[in-house]
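For chain A, the structure is supplied; the task is to place chain B on it using the hints.
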Amino acid sequence: DAGVIQSPRHEVTEMGQEVTLRCKPISGHNSLFWYRQTMMRGLELLIYFNNNVPIDDSGMPEDRFSAKMPNASFSTLKIQPSEPRDSAVYFCASSLGDVSNQPQHFGDGTRLSIL
Amino acid sequence: DQQVKQNSPSLSVQEGRISILNCDYTNSMFDYFLWYKKYPAEGPTFLISISSIKDKNEDGRFTVFLNKSAKHLSLHIVPSQPGDSAVYFCAATGNAGNMLTFGGGTRLMVKP
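As they're listed, the protein sequences go chains A and B.
When you line the first sequence up against this note's numbering, it's residues 18 to 132, in that order.
When you line the second sequence up against this note's numbering, it's residues 0 to 111, in that order.
Check the hints yourself; a few may be wrong.
Unchecked claim - Each pair of labels, with its calculated beta carbon distance range:
#, chain 1, residue 1, chain 2, residue 2, range
1, A, E31, B, S51, 41 to 49 Å
2, A, E61, B, H75, 22 to 30 Å
3, B, E41, A, T37, 21 to 29 Å
4, A, R81, B, R16, 44 to 52 Å
5, B, N66, A, N88, 39 to 47 Å
6, B, R60, A, E61, 25 to 33 Å
7, A, R81, B, G15, 46 to 54 Å
8, B, K53, A, T30, 45 to 53 Å
9, B, G15, A, Q34, 47 to 55 Å
10, A, N88, B, D30, 47 to 55 Å
11, B, R16, A, E79, 45 to 53 Å
12, A, Q34, B, G59, 42 to 50 Å
Unchecked claim - Listed next, the in silico DSS-like pairs over lysine-lysine satisfying Cα-Cα at most 30 Å (straight line):
#, chain 1, residue 1, chain 2, residue 2
13, B, K55, B, K110
14, A, K95, B, K36
15, B, K53, B, K67
16, A, K41, A, K85
17, B, K4, B, K70
18, B, K53, B, K36
19, B, K4, B, K67
20, B, K36, A, K85
21, A, K41, B, K36
Hints in this document: simulated from the structure, not taken from any laboratory.
Where is the CB? At the ideal position from N, CA and C, for every residue including glycine.
Chain B extracted, bound-state conformation:
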């Protein structure tokens, strides 16, 4: 029973365009959400997070949107750059505090 789902295993985008990565969750107790980026042969790197009291958080080219009623979040990257090519994981946590539940990841390819 996957509580966090990333339904698109891969996404290809042209450099300079917007990349939109999506994530859905089922557990209503989740109240904090994170995105991680992972390059091959490296560990996941924290990118951006959002608390359930907000619906948007922005950090430079990266913006995360949260729609609690739909149990959906998305990561927007604008403009996309070739260096953004990586696997992106959505993660969520709730009353359990630090325990993260990860989605399956989306491989983003940004073409020059």
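Next comes chain A alone, as it looks inside the complex:
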């Protein structure tokens, strides 16, 4: 079975550019999560969708960040405009959200570098 698929795996871009990260969750999973991992803050949850609806976006750092889930098999995380402090590894995860205590399954992440 395919796991969570993220693209691109690596992204290097200049400050001020728009960055779009993509995620395909595991088929049948109805909860999707975006995380950011940095040395300073570790793994932090940015936003959580259930049945394609954003449930909690309190972790989104600024208005420059936005996330969408237009259907059950696709989500994007967009940063516009990007800044060097946005450099991090961004992970997407999915789970069976309506079954209690189901573990989240992670993609391999997108390593983002903003120059």
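Relative to the frame of chain A, chain B by itself:
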């Protein structure tokens, strides 16, 4: 304010011995705890979990212990193998359902 803490950033163990990774939490609402393993350039992989109604859960070489009164959990790996070398994250969730709070991770190195 870190609600989940892994106070040991690294741990080195000899192959065949026991590895014990520790995790402390502060939020009394947490009722489900998980351990994830992470290799470089990969996403975290679910390892084992425990509900607050239990104090122990075992899966092969991996056992998680939960001490609710101390707000402490630990992961025991016996026997440790070189392939276990990775970063281990403790995570917790509570009434918020699916939202996980992660600890900072412990890098385990198992020496042959």
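Going down the list of hints, with the structure as the test:
1. A/E31 / B/S51: 41 to 49 Å: About 48 Å separates the Cβ atoms of A/E31 and B/S51, which means 41 to 49 Å holds.
2. A/E61 / B/H75: 22 to 30 Å: holds, 27 Å
3. B/E41 / A/T37: 21 to 29 Å: Between B/E41 and A/T37, where Cβ atoms are some 22 Å apart, the hint holds.
4. A/R81 / B/R16: 44 to 52 Å: holds, 48 Å
5. B/N66 / A/N88: 39 to 47 Å: Holds: the Cβ-Cβ distance is about 43 Å, inside 39 to 47 Å.
6. B/R60 / A/E61: 25 to 33 Å: holds, 30 Å
7. A/R81 / B/G15: 46 to 54 Å: For A/R81 and B/G15 the Cβ distance comes to about 50 Å; the hint holds.
8. B/K53 / A/T30: 45 to 53 Å: holds, 47 Å
9. B/G15 / A/Q34: 47 to 55 Å: holds, 51 Å
10. A/N88 / B/D30: 47 to 55 Å: violated, 32 Å
11. B/R16 / A/E79: 45 to 53 Å: Since B/R16 and A/E79 have Cβ atoms about 46 Å apart, the given range 45 to 53 Å holds.
12. A/Q34 / B/G59: 42 to 50 Å: Given a distance of about 46 Å, which is inside 42 to 50 Å, the answer is holds.
13. B/K55 / B/K110: holds, 27 Å
14. A/K95 / B/K36: holds, 27 Å
15. B/K53 / B/K67: holds, 9 Å
16. A/K41 / A/K85: holds, 12 Å
17. B/K4 / B/K70: Satisfied, since the Cα-Cα distance of roughly 11 Å is no more than 30 Å.
18. B/K53 / B/K36: holds, 22 Å
19. B/K4 / B/K67: Status holds; Cα separation ~15 Å.
20. B/K36 / A/K85: The hint holds at about 28 Å.
21. A/K41 / B/K36: OK: A/K41 and B/K36 at ~21 Å, within 30 Å.
Checked against the numbered hints given earlier, this structure breaks only hint 10.
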